[in-house]
Every structure is written in structure tokens, then in C-alpha cells.
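Chemist: Build out the structure end to end from the sequences listed, making use of the hints.
Protein chains in written order, with the numbering used here: chain A, 11 to 249; chain B, 281 to 827.
These are calculated hints, taken from the structure and not from any lab test.
Remember, it's a predicted structure, so these values are computed and weren't measured experimentally.
Some hints here could point you the wrong way.
To be verified - Here chain A is said to cover these stretches of chain B; the calculated rule only asks that three of the stretch's residues, wherever they fall, bring their Cβ under 8 Å from a Cβ of chain A:
1. 481–492
2. 496–506
What the hints assert, rightly or not - Short, incomplete list of chain A residues facing chain B, as computed with Cβ under 7 Å:
3. Val48
4. Leu64
5. Val181
To be verified - Negatives, chain B to chain A, calculated, CB over 10 Å:
6. Thr422
7. Asn433
8. Thr616
9. Met649
10. Ser767
Glycine included, C-beta positions come from ideal geometry on N, C-alpha and C.
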Amino acid sequence: METVTTHRASGPPAAPSDEPILEVQFDDLEQQHEASSVGMWVFLATEVMFFGGLIAAYAVYRAISPSEVALASQHLNVGLGCLNTVILLGSSLSMALAVRAAQLQSRRNLLWFLAITAALGACFLGVKAVEYYQEYREHLIPGWNFQIPAQVAAKSSSLPLDPRRFEMFFVLYFFMTGLHAFHLIVGIALVSVMALLTWRRWFSGSGETQIEVTGLYWHFVDVVWVFLYPLLYLIDVQS
Amino acid sequence: MSAMAVEFKEDYLQAYRLKSWLLTTDHKRIGLLYMATITFFFFVGGAAATIMRLELMTPKGDVLPSPDAYNRLFTMHGVVMIFFFLIPSIPAVLGNFLIPLMIGARDLAFPILNLLSWYVLMIGGSIAIGILIFGGVDTGWTFYTPFSTMFSNTMVVPAATAVFIAGFSSILTGLNFIVTVHTMRAPGMTWFRLPLFVWALYATSLIQVLGTPVLAIAVALVAVERLLHVGIFDPALGGDPILFQHLFWFYSHPAVYIMLLPSMGVVAEIVPCFSRRPIFGYKLIAFSSVAIAVLGFLVWGHHMFVSGQSMYAGMIFSFLSFMVAIPSAIKVFNWTATMYKGSVRLDTPMLYALGFIGLFTMGGLTGLMLASVAIDVHVHDTYFVVAHFHYIMVGGAVMGYLGGIHFWWPKMSGRMYSELLGKLSALTVFIGFNLTFFPQFVLGYLGMPRRYYEYPAEFQVLNVMSTAGASILAVGYVLPLAYLLFSLRRPPDAGPNPWRASGLEWQTDSPPPVHNFEEIPIVTRGPYQYSPEGAEAIDGNGDDASR
Ligand SMILES: [Cu+2]
Numbered sequence: 011m012e013t014v015t016t017h018r019a020s021g022p023p024a025a026p027s028d029e030p031i032l033e034v035q036f037d038d039l040e041q042q043h044e045a046s047s048v049g050m051w052v053f054l055a056t057e058v059m060f061f062g063g064l065i066a067a068y069a070v071y072r073a074i075s076p077s078e079v080a081l082a083s084q085h086l087n088v089g090l091g092c093l094n095t096v097i098l099l100g101s102s103l104s105m106a107l108a109v110r111a112a113q114l115q116s117r118r119n120l121l122w123f124l125a126i127t128a129a130l131g132a133c134f135l136g137v138k139a140v141e142y143y144q145e146y147r148e149h150l151i152p153g154w155n156f157q158i159p160a161q162v163a164a165k166s167s168s169l170p171l172d173p174r175r176f177e178m179f180f181v182l183y184f185f186m187t188g189l190h191a192f193h194l195i196v197g198i199a200l201v202s203v204m205a206l207l208t209w210r211r212w213f214s215g216s217g218e219t220q221i222e223v224t225g226l227y228w229h230f231v232d233v234v235w236v237f238l239y240p241l242l243y244l245i246d247v248q249s
Numbered sequence: 281m282s283a284m285a286v287e288f289k290e291d292y293l294q295a296y297r298l299k300s301w302l303l304t305t306d307h308k309r310i311g312l313l314y315m316a317t318i319t320f321f322f323f324v325g326g327a328a329a330t331i332m333r334l335e336l337m338t339p340k341g342d343v344l345p346s347p348d349a350y351n352r353l354f355t356m357h358g359v360v361m362i363f364f365f366l367i368p369s370i371p372a373v374l375g376n377f378l379i380p381l382m383i384g385a386r387d388l389a390f391p392i393l394n395l396l397s398w399y400v401l402m403i404g405g406s407i408a409i410g411i412l413i414f415g416g417v418d419t420g421w422t423f424y425t426p427f428s429t430m431f432s433n434t435m436v437v438p439a440a441t442a443v444f445i446a447g448f449s450s451i452l453t454g455l456n457f458i459v460t461v462h463t464m465r466a467p468g469m470t471w472f473r474l475p476l477f478v479w480a481l482y483a484t485s486l487i488q489v490l491g492t493p494v495l496a497i498a499v500a501l502v503a504v505e506r507l508l509h510v511g512i513f514d515p516a517l518g519g520d521p522i523l524f525q526h527l528f529w530f531y532s533h534p535a536v537y538i539m540l541l542p543s544m545g546v547v548a549e550i551v552p553c554f555s556r557r558p559i560f561g562y563k564l565i566a567f568s569s570v571a572i573a574v575l576g577f578l579v580w581g582h583h584m585f586v587s588g589q590s591m592y593a594g595m596i597f598s599f600l601s602f603m604v605a606i607p608s609a610i611k612v613f614n615w616t617a618t619m620y621k622g623s624v625r626l627d628t629p630m631l632y633a634l635g636f637i638g639l640f641t642m643g644g645l646t647g648l649m650l651a652s653v654a655i656d657v658h659v660h661d662t663y664f665v666v667a668h669f670h671y672i673m674v675g676g677a678v679m680g681y682l683g684g685i686h687f688w689w690p691k692m693s694g695r696m697y698s699e700l701l702g703k704l705s706a707l708t709v710f711i712g713f714n715l716t717f718f719p720q721f722v723l724g725y726l727g728m729p730r731r732y733y734e735y736p737a738e739f740q741v742l743n744v745m746s747t748a749g750a751s752i753l754a755v756g757y758v759l760p761l762a763y764l765l766f767s768l769r770r771p772p773d774a775g776p777n778p779w780r781a782s783g784l785e786w787q788t789d790s791p792p793p794v795h796n797f798e799e800i801p802i803v804t805r806g807p808y809q810y811s812p813e814g815a816e817a818i819d820g821n822g823d824d825a826s827r
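Modeler: As C-alpha cells, this is what we get:
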């Protein structure tokens, strides 16, 4: 992101991993750090509205067709969804520890925690891929192979169910989780770049600002999932 | 915070190679890149408007081959003018150029991101031009569903992509401005010493950052429904078309303030300077910008009075729309009060600013008519609406943009332009604009619907007047392009402060050096230190800008 400043050596070539480079537009490192941090918070505000629009669409359809949405939600794999929630929360913990390690200038720990964070992110994507594959097998992907499951079709002859709304749940499900997965891929890439920069000692300074800002992004992606999981998976777990 | 010594003495325009422009991270150069880009798009959109006005000279369709061509033309006019001219206009050109200068910074907080946002706009814009060449879109700039997703057989998905991408340029610009204003102000530059232009752009940036992503989601869902034929907005597939309108207008009403608030900021700079008076009601104007940004997010339903939303929703949206008039009127009254007992000089920027105040008032008052549910039901989708929003977006936003360009041109280029031609252009634009759009109020009130290729013969007189006005307006727009470019042939002669204005940007050279200031200034006073008697900027230590 905009905060990766390592390769723009503008001052005299200072000894690396010494002091962070001060970009020419800033007065001091404190101001530079504050700008990066405020920048990421504003970016996250944008992201909130991005997912907010989708969640608004979800809320409308859940309000006008609650039974279809509840029925469709039961076709998701709650167990894997739960596992993924645990994985992502764990990754947030290790990200927080990575930020702490960067502040303490403990390079070894920082590398480990970044690696764990990225690995847990990749695990999440793996589990998500398994889920998507299951849904593919059950013909639940709209626009590709969607078929109303037999037991739902049977029910809809007795109950006033709208099969189109049943399908729409899956449109929203794939769009929302897909967008989340895209954000996670970006997050994994960012964390990997941070790990690489730390490993090769390419940061001037300890990369504290960069790691912290990456952490903010990572926690945001995690929080989005914390909203998506109950909204999509936990609508009607009882029956 | 010590001022960092900057080694560059030469001004920011010194390097001429193409590469030095395409890879620049200097906010002033990026502002000029945006200026060239949006000028191009302005004339593309203007060409579409010209053909439309020619078509509408006569009741029969004769200029264009088919009604279909007309649909594509007004759609491209809307898409290009809104997303590629008006939204980036003042923020990306004047905001980029001026915010660091006005707050006493060497650059924006994220210069590389700033350049990136220009490239993002270029990508979106190239797609838009591609669409124009390869057949166009016919949905109107509003992309209403289900027509856009299921029935239109034009390039809806590329158009949605172009808008989606251009949106990110807008978001990144807004983000950069917010961070810059928060973290990069010079020592002594408190919030209430900020020029009102900066306040206006700060409020604008909030809208860009919080509104644009919702539009992005709306057009992305349109593309998904269209490509995969899965139901989201199409009622035949179980979708809800009203949901699209909610998502679309949630951005697109506040977007009007992305276009308008910056113009209001420009006027708040020009009026005190050419009246030699401190601005009247500084804090009220500053807070009214923020109030407009906030209230602007709560009124989108006034576009949907006849779309089938509930009557009570309509009443609430109508009430809230009336509320927006309060901060807008506060601004108009304060600008007018600033001129009272001033020594007013009618130089070109001031003529544009006065034109803005008149036309914006007209557009705002007709906006109140449209915010009343009963009148809106009567004139919905007629030329009355077209006239109203052109008074706001062309009479308001473009007048403000041109006023700003004329005010800061000496700063940007170091050169003065012909004052006579400048005054002539301001007058031509004002007369041409009114002749173009005032008849459209009447046409709409008489019942002529918008977006039609042919019309009953009884409407012809007013349509001919409108077309005649448009040709005058065109002259008014080409004129500045000619004399401003011509002024570049002369050596820089403007001097640092030709208008004897009091903002920080006027304390550095024209054109400014690469990092804006030889030494970062220490600010000890508010931005509008004018007095009508001496007609000279005071250098004293009057501290409170709100007097
Ligand atoms: Cu509106």
C-alpha cells in the first residue's frame, strides 16, 4: 500500500535497519507515522461502506423472504464455517503479536508471527475452497449449475416458498464471501511482502509503521468475517 | 517542527520531458494532469450535448439516424460529464494543486497514491472512450434496472466497469485529502485558520470516501446480474429494482455535493478577495459545508417519490431535502453579506463567482420545488428536472470551476490572461447558460418529458431558444481554453500575488517552487485579512478569522 516506503530512498543512503526513511513531504517520523495510520483508518471506512452496501441488500431480502433465506442457509456447512471463524480469529491474534514484536524490534518473533498469520489466512482459503466445492457438488452455484434441491422443491409445493429467493441467497452468499476472500488474498499478499522485507532486512528502520498498518487491514478483514458468519450461516441452526 | 531546508530553487514546471510528467509525484503537476484529462472529457461530453441540442431544434428526428442513437448520446453525455468531468473537476484539479499550498505543506500525505489515482481515472476514462467508439450505452447515466441488466443490448458491463474504476480514483483522492488536512497543516494552521476552500474540500472528501463504495457495489451487482442472469434487481428473477435505486441514489445524491461543495469553497475564496472584506460568518460557512455533507447522505429518496417507495418515506425524504436548503442558504447569505460595504472589483474570477451565486440560488430554489412531493409528481422526468440539475451542476459547479481556474491561473502558470477576454467569457457563459436552460424549466412545466428524441411541434420555440443558448455557451467555454493556453506563450509576469489575496498560497512564487515553500511558513492569523479602506492585505496579527 501507500505506506511501503522502503525503495524510495530520497535522503542520503543511510545505513539500513537504522532509522526509517523520512519522506520529503513530512516534517518528522511522528507525522509520517500518523499519516499512514490515519490513511488506513480512512481506507477502512471506505471498506465498511463497501460491505455495508452488500449487507443492506442482504438485509432487504432477508426481511422480505425470511423463510427462503433460512431454508437456504441450512445448506451451508456450519461446521466448516465455524472452523474458519476460529482460524481467522487465531490469525488476528498472531497479527497482533506481530505488531507487538515490531514495536519491540524483535525481528525473529516478528518473522514467525507474520508467517503464522499468512499461513492461517491460507488455511481459511483452503477450507473455503472445500466449502465451495461441496456447494458445487450440490448444484448450488447460481449462474453456473444451480438447481433447487429436491427436498426444497417438495416443500415449496406445500409451503408458499419462492424458489427464486432461495437462489438469491446463494447469489449474495457467493458475492459476499467471494469479496471477503479477495480481501483476504490481498491481506495474505501484504503480510507476505512484510515478511519478505523483514527477512531480507530491506526495511530501513524496523518497519513498525508498515506492520501496524498491515495489521489494521488484517483485523478489518477478520471483523468482516465475524459479521458474515452469523449473517449467512447461523440464521436457523436449530431445525 | 523545524522547516526542512529544500534544495530545489526552480519552479515546478521546469522539467519538460514527457516522462517527468507521467512519473511525477508533485501534487501541482498531478493537478495539471487532471486538468488536461478532464478538459478533454468536458469537450467530449460537450460534443454529445451539442449534437443533442441540434437534434432537438426540430420536433422531428432528423439529425440522428435513430431514437436509439439519441439514447446512447444522452447516456454518454451524462456518464462522461458526471464521472469523468464533474466529480474529478475541482477536487482533483484545484484541490490537488491548492490544498498543500493553502495549509503550508510540501505535498499531499501520499504523493504516489495521488499519481496512482490519476492513472486509475485514466483507465476508467479509456474504457469510457472505448465504449463511445464501439457503440455506446443506452441506459441513461442512472443504469436503472431491470432495463440495464436484462433488456438493454448495449455495452452496460463495460460502462459499469468504467464507473467502478473511476470511483476508486475519487476514493483515493478523498482519502489523500482527509489525511493531508488532518496531519500536514503548517505550524499555527489551526482548523479555524483553514481557508474555507479547504473546509469545503474536506467535506467533499468525506462524501467521496463514504459514498463512492456504495455506488461501486451497486454497479458491480448490475454487472453480476447481467452477466450471470441471476436475480438481484430484476423482478422476473425475484429481485427488487427499487433496491438498485436506493443503492444508486445513496451515492448519486451526495455526488451532487461532490460537484457543488468545492465550487462553494472557490466562491468563498474569491468573494472576500474582490470585495476587500474579511469573509462574513467564517465558522458558519465552514460548518455549513460539513452539514451539507452529512445531510446530503439522508435525502436520496427524493429521487424515488414516484418509484413506489412508501408515502411516509417520501414525506420524510421531502422534509430532509428541505433541511439541506438551510446550510446552502447560510452560505449564500454570508457571501452576500461579505460584499456589503466592501470595495467590490468585478475582475473575471469575481464575475464567475457572482454568476455562481445567482445560478446556484436559482437551481437551489427549483430544487426545493422538486423536493415537494406534489410538485415532483407533476414534473417528474420532465425538462424541469433537467433544467434544475443543470443549474446546479453546470451553473453551479462549472461556474465555480471556471472561476477558480481564472483566480488561480496566475498561481498555476505564473501568467496573467487577457482580462477583457476573461470578462467576455464570463458574460458569454452566463448569458448562454440562462438562454439554454431557462426555457427548459418552462418546457418541463408544460409537460415535455426528458430523454425523448422527438416532441410535439408546440414545444419548438422554446427548444430553438435552448439550442441557440447552447451555441453561445459553447463559445463561452472555448474562449477560456484559447486565451488561457495563449497566455502560456508569454514569459511569467504575474508575480506572486496579482490579486493581493491573503491566503498562504499567494505568499510563495508563481509558479511555486517544487516543494511549494522555501521555508514552511508559521501561521499566525486567519485566512481572510482584507480591509476595504487600504484595499491591501494586512500583515498584522488579527487572530480570529471568524470576525
Ligand atoms: Cu438528489
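Chemist: Against each hint, give a clear statement of whether it holds in the structure.
Modeler: So, going through the hints one by one against the coordinates:
1. 481–492: holds (count 4)
2. 496–506: Our answer is that it holds, as 5 residues pass the Cβ test (under 8 Å) against chain A, meeting three.
3. Val48: It holds, given that the least Cβ distance between Val48 of chain A and chain B is near 5 Å, below 7 Å.
4. Leu64: holds (6 Å)
5. Val181: Cβ of Val181 of chain A sits 5 Å from chain B, so the hint holds.
6. Thr422: holds (16 Å)
7. Asn433: Check passes; 19 Å lies beyond 10 Å.
8. Thr616: Per Cβ check, Thr616 of chain B is outside 10 Å of chain A; nearest 35 Å; holds.
9. Met649: holds (30 Å)
10. Ser767: The assertion about Ser767 of chain B holds, with a minimum of 30 Å to chain A.
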